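Student: Sequence:
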Amino acid sequence: MKHILNELEARRERARAGGGEARIEAQHKRGKLTARERLSLLLDENSFEEFDMFVEHRNTDFGADKNIIPGDGVVTGWGTINGRMVYVYAKEFTVFGGSLSETHAQKICKIQDMAMQNGAPVIGLLDAGGARIQEGVASLAGYGEVFKRNVLASGVVPQVSVIMGPCAGGDVYSPAMTDFIFMVRDTSYMFITGPEVVKTVTQEDVTPEDLGGAKVHTTKSAVADGAYDNDVIAIEEMRRLYDFLPLNNREKPPHWPTIDDPMRSEPSLDTLVPENANKPYDMKELILKVADE
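For the sequence shown, this note's numbering assigns the number 283 to the initial residue and increments by one for each residue that follows.
No wet-lab data here; the hints were simulated from the structure. Remember, predicted model here, so these are calculated numbers, not experimental data. A few of these clues could be false.
[As the list claims (entries may be wrong)] Simulated crosslink set (BS3-like; lysine-lysine; CA at most 25 Å straight-line): (1) Lys566 to Lys502; (2) Lys430 to Lys392; (3) Lys481 to Lys502; (4) Lys430 to Lys348.
Modelling step: build the complete structure from the supplied sequences, incorporating the hints.
Tutor: Laid out in structure tokens, this is it:
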């Protein structure tokens with residue numbers, strides 16, 4: 283029995299190692315964390331319960347059967363944020379670039395299904411380059427299953443995405459259907475397709491930042507709801523956002539105590555809106571003065 287337990291722990295360590303020390307070091311040099319490091323910051327301490335740690339892809343084409351890593355590029359499970367349940371998946375860029383395979387998609391779909399069954403939000407941490415093209419249609423069909431569940435979960439449980447790397451194709455379409463999107467400045471991108479394809483098709487030179495960086499999507503396209511300087515800050519703000527969300531459509535949002543007197547007056551509001559309808563005023567000032575402190 284001890285031998286079996288030792289082997290089990292060795293397999294767990296292999297799965298936790300992701301793409302190996304060299305790739306993890308390269309990830310850190312880019313200013314990015316690994317999937318497991320991100321989840322450890324997002325979730326309450328010791329609350330994470332992982333699913334399908336040993337899942338491997340089934341592809342045998344292009345020598346893929348000689349390159350198998352447990353987990354298949356995505357870490358999935360559930361945990362708590364400030365004591366409240368949440369289902370999570372985090373794409374591991376050090377394993378096949380976080381690309382989506384058939385089994386990779388099945389892991390994400392399982393999380394989505396369980397979230398809807400149990401009435402809890404889903405948070406996805408995305409750092410991936412799209413479909414695993416070696417699997418062809420099988421990987422693309424996986425995206426279809428993920429998208430279907432995005433639609434079914436809409437309005438039922440909150441869905442939140444954090445873009446933490448160069449995401450393209452399906453790894454952008456799915457987040458676009460979720461309720462909130464956060465990005466990380468200088469390291470995260472959302473493309474329908476990348477700059478190289480744009481160059482090939484239109485002969486136009488465009489930088490990743492101009493095509494799909496955090497600034498573009500928070501100031502022009504309005505696809506993303508917030509941009510932050512690094513992974514740690516983005517995850518801290520995600521935890522803060524989670525405190526405002528209901529678990530599902532049958533529950534009310536959390537209530538937090540306030541010392542702000544509900545009967546207080548705010549005389550400055552009498553003059554905030556100008557008499558001239560063509561003259562602008564600051565709506566944020568109105569919100570700050572009306573909302574609880």
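Student: Against each hint, give a clear statement of whether it holds in the structure.
Tutor: Hint check results:
{"no.": "1", "hint": "Lys566 to Lys502", "verdict": "19 Å, holds"}
{"no.": "2", "hint": "Lys430 to Lys392", "verdict": "13 Å, holds"}
{"no.": "3", "hint": "Lys481 to Lys502", "verdict": "22 Å, holds"}
{"no.": "4", "hint": "Lys430 to Lys348", "verdict": "32 Å, violated"}
Comparing the model with each numbered hint stated earlier shows that hint 4 is the single one that does not hold.
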